[in-house]
Amino acid sequence: MIMKMAARCDTTANREVKSPGWQDRDLVERFRRGDQGAFEQIIAEHAPWITALAQRLLGWSDGAEDVTQEVFLAAYRKLASFRGQATLRTWLTTVTINQCRRHQSKRLAYLRLRHQTAQHKTQPQPDEPDTQQRRREQDTAVRQAVATLPPRYREVLVLHYLQGLEVAQVAQVLGINRKTVYVRLSRARKRLEDKLSTIWQDR
Amino acid sequence: MDENTLRQLLTQADEALPAAVPPEPHALATLVRRRAQRSRQIHQLVAISAAALLIAAVSVALSLWAAPDTPAPQQPPEQLAQADPSPISPELTPAPPPPEQAAEPAELAQTVRLTRAEMMQLRSEIAALRAEAEVRQQIIDAMLLRQAQQKRLAVLKKKLATYRDPITEARGLREETAAISLYWTDTRAKQDELTPAVAQEYRRIIELFPETQAAEQARRYLSTPQQQTQGEIL
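Taken in sequence, the protein lines are chains A and B.
All letters in the first sequence, in the order written, are residues 1 to 203 by my numbering.
All letters in the second sequence, in the order written, are residues 1 to 234 by my numbering.
Same shape as in the complex, but just chain B:
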């Protein structure tokens, strides 16, 4: 077959059909830009959805893994003892089953055979449970301590509310002491009349307890000693 003949045949067959019309550049460019933008948005949406699904799956897996009531596989007691020789705190030790439900250890040993990987997994699970129990115990202790502190604080506040003002209390005591001193001075004055010693006692009351009712009364007695009576003093 001649090459020119082949070329002529192919060209002739190609030209016999109407040539495909190329698209209008502006329309095609607009269409291409729109498709590229839509494709980009779809890719972003898919990426975000995939990330959200992954996060949800991981969180579900973590919650399932950390669930405290996950049933543990049954093990014969002797294998459990071999798996974790360290003692387990009494709080974490489950209650023994009733006698009628408890299986015979020999029977369990025959029916359940644990591989080394399962033993390791059980050990890790027990360690995780122990750590979790310790953390919870610490939290409970802290809560109890805080509760006791709050109770004591409430008692102290209540007690504090019953106390009087110390300044008012001191003033009252001062007035009371001055009145007692005045009373004994008046008693001496009744017996001995207003001797210089009694007058000195009145002056001393005025000096020691100024601005009290007893001091005013003492001043009054010093000026008019004949009018003094015990009832006026008190």
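Isolated chain A (complex conformation):
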């Protein structure tokens, strides 16, 4: 079943991950030379991606801005030693995932997440039509189901389905092999099925 899933998820599993472009190398080289504008250009190019990824990995809770700041702070410290074996976006994605893990490991953030998801679930909207209210509840349930997944499953789901990375890129970002990505995707889907069984039946 895993191999079947693999074939469905990624038909280009053997495709090579793109090598870093000359723009990345140019930006990093300018940063090494002390060009202040290079770092701002890196932020301008990658901040939307980083912020969206952080928001999804954190379960659509607060903290995406903090994580973005931490990511670029880590990048500022380590960018001079960037070897260019991957693209800058891949490298920043890995940093973002690590920062999100660190952020979520804090007990306070976890409690805040639970409180906010409970708030999303219980917000009454009496004036809405039934279809809109039902869809909103469904979206909330999906987000809550993804947010309560274990991090290793949530990461592959977000990277593959929401960020649009292919399995090979997910494997490179997470530092695991492709089969492991397929296994995690399969288990994540299974867990989501269990959590959202009522929604599947309605659809």
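Since the hints were made in silico from the structure, they are not lab data.
All clues stand as given, with none of them false.
Examples of chain B residues lying across from chain A (beta carbon under 8 Å, computed):
1. Leu6
2. Leu10
3. Leu31
Quick list of simulated restraints, FRET-style, between CB atoms:
4. B/Arg7 / A/Thr131: 18 to 24 Å
5. A/Gly84 / B/Arg7: 30 to 36 Å
6. B/Glu24 / A/Asp130: 36 to 42 Å
7. B/Glu24 / A/Asp194: 40 to 46 Å
8. B/Val46 / A/Arg32: 25 to 31 Å
We put the CB at the ideal spot given by N, CA and C, even for glycine.
Once you've looked at the hints, dock chain B against the given chain A.
Using the frame of chain A, we list chain B on its own:
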């Protein structure tokens, strides 16, 4: 579950919420630079503080280790003798305790059992104390020698201050010798009148002691020998 359905559900749930607004690049870059600089300063401060604390701890430990009045653990006399068979100088040997405070050796041997490591430690401590005592003895000897030299130097300086100028002393002696010679010549002149031999003696005084009062007097007598008297000569 269809994969497309899952993708659609996730995308729909994601888009239902407003997307997080990315920060403004310039502001974020400034903030990141400031945080990196502050973090670097904190790291440097922590490193300097840690080094200072380490130095302080090491110095305190060294001072405690080198303290001369560190109480040594009690040992029975026979074990001390086994621990260090070499003789200990009398200065380093502590005074024996009073008879009423001294414990019985057999009793101490029963109550205190030293391990081999403790014995080795005691030996090293005794050796260190002996070396320290030798160094202090050398310092005391050097200080005593220097003190004696300074005392002798002060005596010599005082003695030197009492001496007269040797040139002045020699001049005085010269004048005195010339006067004595003139006196004896005048005595002969009184007895024998101004004979050629007496005149030769006056010339000799002038030759031997020039620029003296006696030489001037001799010249005067040679020119007017009738006016000479003993009182004028002296």
